[in-house]
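In order, the protein sequence lines correspond to chains D, E, L and P. Using my numbering, read the first sequence as starting at -11 and increasing by one per residue. Using my numbering, read the second sequence as starting at -11 and increasing by one per residue. Using my numbering, read the third sequence as starting at -11 and increasing by one per residue. Using my numbering, read the fourth sequence as starting at -11 and increasing by one per residue.
Treat the hints loosely; a few may be bogus.
To be verified - Here are the simulated lysine to any residue pairs, SDA-like style, with alpha carbons at most 20 Å apart:
| no. | chain 1 | residue 1 | chain 2 | residue 2 |
| --- | --- | --- | --- | --- |
| 1 | P | K228 | P | L262 |
| 2 | P | K92 | L | G185 |
| 3 | P | K145 | L | G197 |
| 4 | D | K228 | P | Q239 |
| 5 | E | K228 | L | G185 |
| 6 | E | K145 | D | G197 |
Said to hold, decoys possible - Selected chain E positions facing chain L (in silico; Cβ < 8 Å):
| no. | residue |
| --- | --- |
| 7 | F14 |
| 8 | R231 |
| 9 | Q239 |
| 10 | A248 |
| 11 | Q249 |
| 12 | Y253 |
| 13 | R255 |
| 14 | A256 |
| 15 | Q258 |
| 16 | G261 |
Keep in mind the hints are simulated off the structure, nothing from the lab. Where a beta carbon is used, it is the ideal one built from N, C-alpha and C, also for glycine.
4 protein chains.
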Amino acid sequence: MNESIGFIGLGIMGSGMAANLLRAGFNVTVWNRSPGRITPLAVAGAAVADSPAAVAESSTLIVTCVSDTPDVEEVILGKNGVIETIRPGSLVVDCSTISPTATKAIAARLAASGAHLLDAPVSGGSEGAAKGTLSIMVGGDAAQLARAMPALQAMGKTITHVGGQGAGQMAKLVNQILVVVTMQGVAEALLLAHAGGLDLEQTLAAVGGGAAGSWMLNNRGPQVIRRDWRPGFTVDLQQKDLRLVLETADQLGIPLPSTAQIFQYYRALQQLGLGGEGNHALVKALERLAGMEIAA
Amino acid sequence: MNESIGFIGLGIMGSGMAANLLRAGFNVTVWNRSPGRITPLAVAGAAVADSPAAVAESSTLIVTCVSDTPDVEEVILGKNGVIETIRPGSLVVDCSTISPTATKAIAARLAASGAHLLDAPVSGGSEGAAKGTLSIMVGGDAAQLARAMPALQAMGKTITHVGGQGAGQMAKLVNQILVVVTMQGVAEALLLAHAGGLDLEQTLAAVGGGAAGSWMLNNRGPQVIRRDWRPGFTVDLQQKDLRLVLETADQLGIPLPSTAQIFQYYRALQQLGLGGEGNHALVKALERLAGMEIAA
Amino acid sequence: MNESIGFIGLGIMGSGMAANLLRAGFNVTVWNRSPGRITPLAVAGAAVADSPAAVAESSTLIVTCVSDTPDVEEVILGKNGVIETIRPGSLVVDCSTISPTATKAIAARLAASGAHLLDAPVSGGSEGAAKGTLSIMVGGDAAQLARAMPALQAMGKTITHVGGQGAGQMAKLVNQILVVVTMQGVAEALLLAHAGGLDLEQTLAAVGGGAAGSWMLNNRGPQVIRRDWRPGFTVDLQQKDLRLVLETADQLGIPLPSTAQIFQYYRALQQLGLGGEGNHALVKALERLAGMEIAA
Amino acid sequence: MNESIGFIGLGIMGSGMAANLLRAGFNVTVWNRSPGRITPLAVAGAAVADSPAAVAESSTLIVTCVSDTPDVEEVILGKNGVIETIRPGSLVVDCSTISPTATKAIAARLAASGAHLLDAPVSGGSEGAAKGTLSIMVGGDAAQLARAMPALQAMGKTITHVGGQGAGQMAKLVNQILVVVTMQGVAEALLLAHAGGLDLEQTLAAVGGGAAGSWMLNNRGPQVIRRDWRPGFTVDLQQKDLRLVLETADQLGIPLPSTAQIFQYYRALQQLGLGGEGNHALVKALERLAGMEIAA
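Start from the sequences and build out the full structure, keeping to the hints where you can.
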C-alpha cells in the first residue's frame, strides 16, 4: 500500500469506488469536473486536486472513471491532463468503458512518458461500486496488474486478467452484449407470460432456477413486474456502450444481428425520454410495439 | 403412494423419469411406441403394457411424456388411447411440451370421462431427467397437484403451480423464449470475444458471475468453446417448441421479434442437418453468417 | 365462351371480378355467404344460387374467391359444397390466397370426382379487381389454363403460368414477401427523411425513379405522407398471407428473417386495432417505436 | 457555359461524369489521386492539374467525386486542398456520398473563403455515370443550383432540389435504405420461390409488374438467378453508405431496425471476401444461413 492513489471522475460509480479506496486505508487525491461531488470524499479524508494534472503530480497510481472515450482522452491527454505531469513508472488504471482501439492509442501515449496503462472496466452497477463487489475485467501487463491488485481488491470482488491492453475493454463489451440480449429475452418472455394470463411472480419462480435463469431475469424481472424503473445502469449508458460494441464489431468485420436490433430499441427509448431509466426499461420498446403493458 | 403409476413415452426424457419413479418405490406400468426402450425399465421392475389403453386400465395416475401435440392427442384420445379405459377419478399428468390451447381441449375430453388433467412440462434436459432434478411447471387444479406431488417430487426438484389448465404449458413456452434468446446473446458475445482476440475461458470466467451471467452462458458457453455439440436438448426439439411459442403468440396477438428471428436460425440449422445437435449449436447459424468459427 | 361460369365469394375482390365476367358477356351464377353483396350482381344480370353446390350444378367453370384455406375447404369440400354436385370435366379456378399444400389436397379431392383445379391467386387490390387489371398467377395444367384464359382475361391483365398445382399460390406468397419487405424499406426511409428534415414530397420525387424505386414507394409513399390509411389491401389480409408465407417456409425448411420480423409488426398493428387499415400502415409500427409521426 | 469546370476524383463514377462534361463542351481540369485513371480524360481533352488546389485555382465550378467523408475533407480542406486556392464566388459541387453533418461543416469552411457548396450525391451506378442518366439529389442554395444546372444536366437526367445544405446527402441516405431493404425482400422472395420449386424467370415475370415490383427486383433479380454478381454498386460501397445511414440515424435518435439488420449482413459479406461484388450479393448472406443456393 505504498501507492499514492489519484482518482479522477466521481460520478455514480467513481464516488463509491473512491470511498472504498479511502476505507481500505489508501491515501487518495481526487478530482471531478463538477465540484459538487467532491465534498463527501473530502469529508471522508481525500485530498482534493484542481486538475487531472495535479492529481497525476501527487500520485503513483491514477484511477480514471469517466463516461466515454472523449472524456478519458480529455482527462489523460487533454489540457491540464494526466499526461502533462505523470511521472515515469506511474500507472493509470482506466475503469471507464471506452473503445478498445482508443485504449491502445492512449496506452501508447502514456508509454512515451514512461507510464503504464491498465484498462479495467467494471461491471456491477452503483450497488457494486458502493459495496466494493464490482467485477473488474483487466487488460494489460501482468506485473502492473499485480501492483494494482490491492487497490482493485478494495473496489471489486472478482478481478480477472483477460489479456493485453484493450482486452479489458473488449471483455466489457462482451459483457454488455450478454446483458442486453438476455434482457430482450426477459422482455419477450414476460410479454408472453402476461398475455397468456400467467401469474408473473409464480412464473419467475418457476423458470428462474433452471436453464432459463439469468442474473437479468432474477434481478430485473421482479423490477419489471413491479414497474420499478430505477436504474442500476441507465438506458443512456447502455446505449453508449452498445454503440462501442457495434463500432468495434464493425472494425472487426463481424455481424451481431440481435445486438444491432436491440441497439435500435435503446435508441428509441432515449428518443422517448427514458434515457435515465434502468436498462430493463428495454421492455418498454416491446410494450409500445405490442400496445400492452406487462404488470403483475 | 397408493397411486398405481402409468408411464407413456420412454424417450430421452421419459426413460429417466420413469426410472426415478421406480426408484422412489412406485408401482409403474410402462408403454412406448418403439419397444427397444422398454427393456431397461422392465429390468428395473416396471410392468409392461401393450397400449396406452392398457396402461390406463391398470393405473390411477398416468404420466405422458411424448414429443408434440399430435402425439399427446394420439396416446390419450386416439385408437387404443388412454381415453378408452381411463377410470373416473384417474389423473393424467402430461409432461410433454405442447400447445396450451390443445391442452385445454384434451382436458375437456378427459373431464367428460370423469378424469383429470395436469399439464406439467419439464425443464432441465436429459441430465435433469436422469438425476430427478427437473423443474416442473404445473397447470391445473391445486387438489390434483397435491395428489400428484409425491410422483412429481420423485422426478423433479422444483415443482411450481403456475395456474389453471394450460398454464404449465404457457410457462414452459416462456421458459423456452428465455433459453433461446439468452443463447443468442451467448453466441454474439462469444463471437466478439473470439474476433477481438480474447482468451475465451478467461472471458467466461470474467463475465459469468455478474449481470451478464446466465445458466446458458455458464453451462453451454464452455461447451461452445470446446466445440462440444452433444445435446442436453436438441435443435429439433428446440425448433418444435419455438413453433409452439410463435403459434401461441400469434393466437394471443403479441409480437416477439427476437424469438421470431431466432426461430429462423434454428430452422436454418435443421436444414443444414444439425437437428440432432444441442440447442447451443445456435452459434453455428451466426458462425455461418460470419464465416468464422468460435474456438478457444 | 361456352363455359357457364359460377362465382363463389363476392367480397371486396370477388364483386369486381364477377362484374367484369358479366361485362365480358359470360353467363354467371353467383353465391355469397352474406346475401347483401349479391344484389348488385343480380341487377347486373347474374343468376343467384343458394349454395356452392347449386353453383357447381349449373356451371362448368367455377371461380372461388374467398378469404383463407378453411373457407376454400368449406365451399369446395364442405356440406353443400362444390364437390357434392360438380360434374366430371368441370374446372374450379381458385382465386383465393391459400396454402400451396392445401391446394394440392383439394385438387386431389376434385380429381377423384373427375374435376380439375387451377390455383389462380390475384394481385392488384380492389382497384385492379374493379378495373380488370389484376395480375393472376396460375398453377396447374396448361390445357385447363388455356380453357380458362378467356375468363381470366376478363378479370386480369397479366396472366402468368408459373407451374403445376400449388405453384400459383407459391408465386403469390413470393409476391407478398416482396410487398411487405419493400414497404418496410419505405417506412424506414421515410422516417429518416422526416427526422432529417427533408421535404417528403421532393424526396419521393428524387428517389422514386431510380434504383430505390418500387411500386410500393411510388403508390403507398404518397399515401403515407398524406397519412391516408385507406386500404388497397388490409393489414388483416396481409397478416393472414404472411402467416401462410411463414408456414410454407417452415414446411420447406428455409429461413426468412426479415419477413418473420415484419410479420411481428403486422401482428402488433392488428392488436392495436389497425387491422382494417391499408398494409402501408406498417409505418405505424415503426412510428410507435420511434415515438414520432412521419408527415409532410 | 462560362464556368471553368474542375473535376476531382476519377473513380468508377467520376470518370464517366467528367467525360460527359467534356462531351457537353465544358472546359474541364481534372485531378485524381492515382494517375492511371487520368490518361483517358486527357486524351478526351481535359487539362490535368497536379493537386486539388491547382484544380481550384483554374476553375469556377469544382466537382468532387471521391469515396467517403475523410476523402472529401482531404481534397477540400487538407494540404494542397481546394480551400487553399479557391476564389470568392466559386462553387464546389460535391457528388460524393458523405455525412450530412460533415457536409455542413465543410460548407461553413468554404463560406469563410467566400465560396459556395452544393451537396449533390448521385444514384444510378456506373452505367448511369457513363450514360449521363444519373439521378442527382441536390442540397444547398437555389441560385447556386441554377448556376450548376448546365453541368449537372450533362451528368444526370433527374436533378432534384431537396433542401438546404446536407439535404442532398440526407436524400441519398434515404435512397440507400430503400435499395437495400428492397433487395433483402428480393432475396427472401427468391429463396422461397427456389425452395418452393417455382420457375424463377416465370416468377419474376409474374410478380415484377404489380405491387411487388421494384427496380431492384426487375434489374437485380435476373442477375441473381443467373448468378451474375458483377457490380453496378459494390458491397463495399453499400456497406460504407449504410454506415453513414446508421450513424446519421443515431445522431437523429431514430430506430431503423431492418436497415440495421441488413448492415450486419453486408458486414458479413465483406468478411467473406465478397466486398467487390454487386450489392445484390446480399442474397448470399441468406443463402449461407439457408445452406441453399438460389438458381434458375
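Now for the hints, and whether the structure bears them out:
1. K228/P to L262/P: holds, 14 Å
2. K92/P to G185/L: holds, 14 Å
3. K145/P to G197/L: Answer holds: K145/P to G197/L is near 10 Å, not above 20 Å.
4. K228/D to Q239/P: holds, 12 Å
5. K228/E to G185/L: Not satisfied, since the Cα-Cα distance of roughly 46 Å exceeds 20 Å.
6. K145/E to G197/D: With Cα atoms ~10 Å apart, K145/E and G197/D stay inside 20 Å; holds.
7. F14: violated, 40 Å
8. R231: Status holds, d = 7 Å.
9. Q239: Nearest chain L Cβ about 10 Å off; hint violated.
10. A248: holds, 5 Å
11. Q249: holds, 6 Å
12. Y253: holds, 7 Å
13. R255: With a minimum Cβ separation of about 5 Å from chain L (threshold 8 Å), the hint on R255/E holds.
14. A256: holds, 4 Å
15. Q258: This hint holds: Q258/E lies near chain L, its Cβ roughly 6 Å from the closest one there, short of 8 Å.
16. G261: With a minimum Cβ separation of about 11 Å from chain L (threshold 8 Å), the hint on G261/E is violated.
Checked against the numbered hints given earlier, this structure breaks hints 5, 7, 9, 16; the rest are met.
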